[in-house]
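Student: Residues per chain, in single letters:
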Amino acid sequence: MAKRLPPVDVVLVGFGWTAAIIAQELTEAGVQVLALERGEFRDTVPDFATNTIQDELRYAVRKQIFESPERETLTFRNSADQTALPMRHLGSFLPAAGVGGAGVHWNGQCWRFLPSDFEIRSQVEQRYGKGFIPEDMNLQDWGVTYDDLEPHYDRFEYLCGVSGQAGNLGGVKQAGGNPFEGPRQRDYPLPPLKRSASTTLFDKAAREAGFDPFPCPAANASKPYRNPLGVQMGQCTYCGFCEWFGCGNYSKASPQTTILPVLLKKDNFSFRTRCNVTRVNTDSSGRQATGVTYVDLDGNQFEQPAGMVVLCAFAQHNVHLLLLSKIGTPYDPRSGQGVVGRNYAYQITSAVDVFQKEILNPFMGAGALGQGVDNFNGENFDHGPLGFIGGGYIALWNTGGRPILQHQLPKDAPKWGSGWKQAMHDNYLTSASIATHGSVMSYRSNYLDLDPTWRDDYGNPLLRLTFDYQPNEHKMSDYLTDQATKIAQAIPGATHHAKKREGHYSIVPYQTTHNTGGAAMGDDPRTSVVNRYLQSWDVPNLWVMGASVFPQNAGYNPTGTVGALTFWAAEAMKRYLKSPGPLVTT
Amino acid sequence: MSMPADGPQSRADDASTDPARRQFLTLALVAPAALALGSCGSGTRAAPAVPVYFSNAEQGFVDAATRRLIPADALGGGAHEAGVTHFIDLQLAGAYGRAERWYMRGPWPTGTDQQGFQLKYTPAQIYREAIAGVDAHCRQQYGKPFAQLTADRQDAVLHALEGGKIKLDKVPAKTFFALLWQNTQEGFLADPAYGGNRDFTGWKLIGFPGPRYNYVEEIEHFGQPYKQPFVSLVGRDPGAHEQGEA
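Respectively, the protein sequence lines represent chains Z and R. First residue of the first sequence: 5, per the working numbering; consecutive thereafter. First residue of the second sequence: 62, per the working numbering; consecutive thereafter.
Calculated from the structure, these hints are not laboratory results. One or more of the hints may lead you astray.
Quick look at which bits of chain Z chain R covers, simulated, 3 or more residues with Cβ under 8 Å [stated by the list, open to error]:
hint: 1; region: 65 to 75
hint: 2; region: 89 to 99
hint: 3; region: 142 to 152
Every beta carbon over 10 Å from chain R, so not counted as near; a handful from chain Z, in silico [unchecked claim]:
hint: 4; residue: Asp47
hint: 5; residue: Arg131
hint: 6; residue: Gln189
hint: 7; residue: Gly290
hint: 8; residue: His411
hint: 9; residue: Gln515
hint: 10; residue: Gly585
Built from N, CA and C at the ideal position, the CB exists for glycine as well.
All chains, please: the whole structure from these sequences, using the hints.
Tutor: See below:
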């Protein structure tokens with residue numbers, strides 16, 4: 005029997021980026037907010053101190069900075085005719101557990117999506133015709149526009165101290181920035197990070213290839229920075245332990261380095277760790293959330309009543325909770341009806357490894373120290389003749405040179421023995437990798453539901469992921485890889501190894517933690533779970549944050565857009581709290 | 062409702078990935094050997110004689126196999142000199158070896174390659190089962206366990222495991238080889254705090270200086286080698302001064 009706790013105004017499920025933003029915004033509005041986090045409390049000191057965090061084996065290889073699937077995981081299959089099997093350990097993607105969420109271990113690659121990304125169906129129909137869209141593709145406009153989100157992108161970038169070079173100020177193109185980006189109201193808060201040897205090589209080669217390279221936006225502070233909340237960040241030291249580590253230098257934006265020093269002092273905010281939320285509770289009408297039920301590590305159940313519930317967990321965890329709580333209509337792939345679990349998407353990545361003679365010292369780096377080209381993203385190019393929808397960026401990220409996982413070897417290098425040693429010796433300091441980062445559309449056959457066989461430690465069915473890359477995505481990714489190869493070919497004296505993404509999606513090798521969808525946002529309750537303000541269509545005092553609301557995925561890292569959407573939703577929540585009810589009526 | 066007996070706190074404290082505990086354990090293990098051998102200069106620190114998880118025969122197998130995977134040669138020491146067997150032994154004795162962070166609930170059907178690992182054996186159990194199987198294979202084929210074969214024969218057996226051409230009872234040969242090779246690279250390239258990469262053997266081979274903190278100046282010195290001494294989470298290279306590196 006669950007122990008009933010005193011009620012709060014707002015309960016947040018999870019305590020990562022989106023929860024920290026919502027908590028900060030709503031507590032400023034005078035509301036009492038409680039965050040429930042399944043992991044541990046973590047902070048820069050002592051958890052990410054440089055004498056402990058720079059440990060590749062512990063954090064990146066043994067994955068101790070990520071969620072641990074032993075209590076709850078998901079099952080996976082490529083298609084509905086297979087039996088999904090549990091993901092026994094992490095691989096393809098690396099969600100977080102613990103305060104700060106994935107905001108602790110991300111790289112800080114902090115992009116805005118293109119204006120065309122938010123209106124993709126309209127734009128594709130207009131430019132290429134309705135018949136261009138594959139029948140099984142659930143291509144959807146988002147219900148918000150870039151112009152709606154621009155002020156909120158701005159807020160997130162200034163919160164994080166993003167280092168970058170504007171490419172479009174108020175509609176005026178700026179030399180040196182991304183010429184394809186949407187118009188921004190002002191420049192980035194900080195200038196770009198220093199360029200490294202490898203990003204400089206990339207820049208020259210990309211120009212040679214006829215593309216328009218620019219410094220990628222980085223939530224790694226290029227200079228000391230005080231954000232609008234008064235929180236001080238330190239200059240990045242390029243230590244190379246950023247991706248998959250916490251930052252010991254207060255340089256990488258995370259909830260800990262941008263919000264928590266202010267939030268944790270507030271009387272109207274509290275949080276609890278080691279709380280696994282297993283249900284969103286509703287009243288007998290099913291139209292009003294009454295709070296959540298959670299289980300602590302000893303198996304004790306608690307009922308936490310709340311006036312409003314906000315799901316701030318990682319994308320698929322939000323969807324799992326909606327399905328377990330029976331909120332919204334679960335998606336049925338046979339009929340195509342229902343919405344919860346629909347629109348699951350991911351990203352498709354590939355690489356072109358480059359081997360040349362100059363010493364590049366890859367271990368000097370930062371998570372978002374990169375040089376990119378955006379010529380082949382979204383509607384930046386005419387992909388009508390190419391026969392696919394979507395695109396992506398190409399970049400050389402100099403995130404670091406961790407020896408176990410971040411080394412490149414030529415294709416013909418021996419796999420082990422003295423030949424392997426020779427190849428490691430010859431290539432570690434002088435190789436680099438060009439990445440492509442492609443969009444993935446949503447399809448009728450890619451979805452999330454509940455598994456019929458396997459259960460978690462709390463007795464609940466695991467989430468089941470059914471996903472595969474479709475021909476559209478392979479065609480697009482192969483095209484991107486060919487363009488990246490042109491850059492590699494323009495590097496003097498270099499050989500390269502193009503690694504296309506081939507065959508079925510596999511849950512084994514790491515690809516990206518940019519899982520999206522399952523609780524899509526939109527203008528139509530028949531094809532979305534939440535409205536344009538991220539408010540549930542079915543239960544107006546329930547909100548869903550994070551990449552789970554993306555109707556399909558764009559060709560960028562998602563955190564910038566997740567941050568902007570969260571600020572956008574927070575504004576709507578403030579309106580809702582003054583006058584509760586659906587913010588959009590149908 | 063079933064709950065695990067120990068919470069995350071006890072997992073986080075596991076010696077196999079806690080450098081401070083790790084170092085303590087390593088010292089505790091090294092101490093008797095060091096006493097027996099008298100004082101040792103840097104670069105010749107004695108390997109701990111007593112494995113924690115492996116039997117003596119298993120230790121001999123892993124030492125022989127990893128010597129072939131990363132041999133000592135003109136470029137420098139290999140897996141043996143780097144203490145890779147010791148590293149793997151300690152890893153298997155800890156949380157990783159017991160698959161404590163993996164979802165290990167049945168049922169256990171086999172799946173596609175895309176669905177990944179689906180064996181009910183932990184890494185430690187995979188080594189135990191596979192080593193027994195490979196040694197039985199070698200005895201049957203050559204009349205000797207793996208560790209006593211010539212280097213050429215050992216290479217041939219390793220290639221056969223890698224290609225899945227030897228049938229082991231409980232564990233696919235390919236799975237075992239992939240695990241062994243992954244752990245061997247880890248032991249060669251992980252921070253020396255974990256008992257491998259002894260004397261920075263692996264990092265010296267490739268030129269990774271260790272977990273250093275600040276490259277604000279150096280990152281703009283394009284094309285120049287970085288010359289500061291190698292460092293570990295538990296201190297800097299004790300041999301650096303003698304080698305004239307600092």
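Student: Could you run down the list of hints and mark each one as holding or not?
Tutor: Cross-check of the supplied hints:
1. 65 to 75: Result for this restraint: holds, n = 8.
2. 89 to 99: holds (count 6)
3. 142 to 152: violated (count 0)
4. Asp47: Its Cβ never comes within 10 Å of chain R, the nearest being 15 Å, so this holds.
5. Arg131: holds (34 Å)
6. Gln189: holds (31 Å)
7. Gly290: Non-interface label on Z/Gly290 holds, nearest chain R Cβ at 26 Å vs cutoff 10 Å.
8. His411: violated (7 Å)
9. Gln515: Given a closest Cβ separation of 12 Å, the condition holds.
10. Gly585: Given a closest Cβ separation of 38 Å, the condition holds.
Hints 3, 8, counting from the list given before, are not met by this structure.
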